[in-house]
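Asks: Below are the chains, spelled out letter by letter.
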Amino acid sequence: MARMKFLCDADRCIDCNACVTACKNENEVPWGINRRRVVTINDGKPGERSVSMACMHCTDAPCAAVCPVSCIFSTDDGVVLHSKDLCIGCGYCFYACPFGAPQYPKIGNFGSRGKMDKCTYCAGGGGNEASGSIAEFKKYGSNRLAQGKLPLCAEMCSTKSLLAGDGEVIAEIYKERVLKRGYGSGAWGWMTAYHEGIAP
Amino acid sequence: MTRRSGFAGVQGILAVLMALIVLVCALPAAAQQRASDGAPSPDQSAVHEQQLLQEAPRIEGRIDIPDTRASVLMQPAGRRWEYFHEITLHRMGAIVILGMVALLAVAYLILGRIRISAGRSGKKIQRFTPLERFSHWLTAVSFVILGLTGLNITFGKLVLLPVLGPESFSGLAQWAKYLHNFTSFAFVLGLILIVSMWIKDNIPRAIDIDWIRQGGGFIKNKHAPAGRFNAGEKAVFWCALGAGLAVSVSGFLLLFPFYVTNIAGMQVAQVIHAVIAVLFVALIIAHIYIGTLGMEGAFEAMGTGEVDLNWAKEHHDQWLAEKLARDGVRQTP
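Just so you know, the protein sequences line up as chains C and A, in that order. Sequential numbering from 1 applies to the first sequence in the working numbering. Sequential numbering from 1 applies to the second sequence in the working numbering.
Bear in mind the hints are in silico, worked out from the structure with no lab data behind them. There could be a bad hint or two in this list.
[Said to hold, decoys possible] Heads up, simulated DSSO-like pairs for lysine-lysine below, C-alpha to C-alpha not over 30 angstroms straight-line:
1. A:123 x C:106
2. A:200 x C:115
3. A:123 x C:138
4. C:139 x A:123
5. A:323 x C:84
[What the hints assert, rightly or not] Chain A is faced by these chain C residues, among others (derived, beta-carbon under 7 angstroms):
6. 43
7. 62
8. 147
[Claimed, not checked] Here are some chain A residues the structure puts well away from chain C; computed CB gaps all over 10 angstroms:
9. 98
10. 123
11. 305
We treat Cβ as the ideally placed atom computed from N, Cα and C, and that holds for glycine.
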């Protein structure tokens, strides 16, 4: 069984934001919600790095643990999905998430955030909708995984900085790069998301 | 590469210990791994990713999209908040609240109901005005609603979810959330009214020391001296004021996200809100016990506003004397 992960090779990301655009287009995400974003650290200074970040589909996902209605879960592939029918919009997953992945349609005064939305690894939703159905697409976005495809953000990354796929496979790709060019700035977020780093 | 699954709890504790040791050992080195402007430097910190994260619990940068709140790249503190919410709070909440119930059960078994020693006189005297009772019950009813809906968001998935099933429980939890958010305003109003009316009678005085020394009248047939409020009631008043203030402020920070504080602040606010609320619930359970089951003649003070003369004599002798001096005994029909 594959264990799906994301890896952003911070030495390759050029802050082109194509992953952000691809995600919004593929999933027809509502206005104001960005499931994926690119953050630039040390902007304009020596050591500047850009990192593309979305839900990392964590091991022991903190969002799933704190959800008061237990509407977030990990699939057999390690993808973290949730049911928008059960979500009560309390915001707890947003407090717990190390990566700022959960988003809400509204700012949320008086707790009126609306249903949480986050990266689904292009694997549809965790509700009762049939896999690949129009109802599922409208609520959660694309279900590429059911078609045997990986998330579009990683698939179309021009520098192959953002990798998606089985954790062992993408870690192997990253290690090959490290052997060739040196470790660089590391695989940001892996220690927090999966309790493991990729050291040289 | 190996995949580590299972033993997550043990691993977590070990990781925290390791991180602490690493942090303590590497303090001078950590200082060097920042860029000249103090920001975490990816190049210099490359070899120790975990150390990099420990140095900067929040890694923030520049972002192209308009939503600047998304410029926080990582906040590993979320994992710590998760531990508080799922482990610490569950254990602490269960121990404090069930512990208080057990304590009161023991108190009831040992002390029993504190009776009016001299029996009822049949004469009534007004203790609380209608406005005072309205304020009390406004606060009380909203507190019970806030307490139950608040406990639901923490313990509901353990207690109610298996019974009700996911759909019904989510529906209930959604309504509980809105009830909690809007009842807060009634609670704050009640708290303001109560404090403004009773604060002058709750200022500690020398007599309170006597009351505490005599065990607060909990030892049978021995009644301690007290004014309008005894030292125990004063303690409840000041605790309720402090706790009420803490839960209100932290609650409003959560109710209006990003107005005052960011996610890091909201995590702290939630921890304060939850810890104080659990202690507050335990305090109020004790308050409810002593006002109903624990003492004969106590409930009517807030029920009808009038207490028996003998009850007043035994529990609030100085207040009764002052009151009688002011307006004399009133016979109820």
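Asks: Verify that the Cβ of residue 305 (chain A) lies farther than 10 angstroms from every Cβ atom of chain C, and report whether the claim holds or is violated.
Replies: Non-interface label on residue 305 (chain A) holds, nearest chain C Cβ at 35 angstroms vs cutoff 10 angstroms.
Asks: Between the alpha carbons of residue 123 (chain A) and residue 106 (chain C), is the straight-line distance 30 angstroms or under?
Replies: violated (60 angstroms)
Asks: CA of residue 123 (chain A) to CA of residue 138 (chain C), is that 30 angstroms or under?
Replies: The given pair, whose Cα atoms are some 71 angstroms apart, is violated under the 30 angstroms limit.
Asks: Is the interface hint satisfied for residue 43 (chain C)? The criterion is a beta-carbon contact with chain A at less than 7 angstroms.
Replies: Holds, because the Cβ-Cβ distance from residue 43 (chain C) to chain A comes to roughly 4 angstroms (cut-off 7 angstroms).
Asks: Measuring from the C-beta of residue 147 (chain C) to each C-beta in chain A, is the shortest one below 7 angstroms?
Replies: Status violated, d = 26 angstroms.
Asks: With a cut-off of 30 angstroms on the C-alpha distance, tell me whether residue 323 (chain A) and residue 84 (chain C) pass.
Replies: violated (61 angstroms)
Asks: Test the statement that residue 98 (chain A) is away from the interface with chain C: the closest C-beta pair must be farther apart than 10 angstroms.
Replies: Non-interface label stands for residue 98 (chain A): nearest chain C Cβ at 20 angstroms, farther than 10 angstroms.
Asks: Under the criterion that the straight-line Cα-Cα distance not exceed 30 angstroms, is the pair residue 139 (chain C), residue 123 (chain A) satisfied?
Replies: This hinted pair is violated, its Cα atoms lying about 68 angstroms apart.
Asks: Determine whether the non-interface label on residue 123 (chain A) survives the test: each CB of chain C must be over 10 angstroms from its CB.
Replies: holds (49 angstroms)
Asks: Grab the minimum C-beta distance from residue 62 (chain C) to chain A and call the hint holds if it beats 7 angstroms, violated otherwise.
Replies: Holds. Min distance 4 angstroms.
Asks: Is residue 200 (chain A) within 30 angstroms of residue 115 (chain C), Cα to Cα?
Replies: violated (47 angstroms)
Consistency with the previously given hints fails for numbers 1, 2, 3, 4, 5, 8, ordered from lowest to highest.
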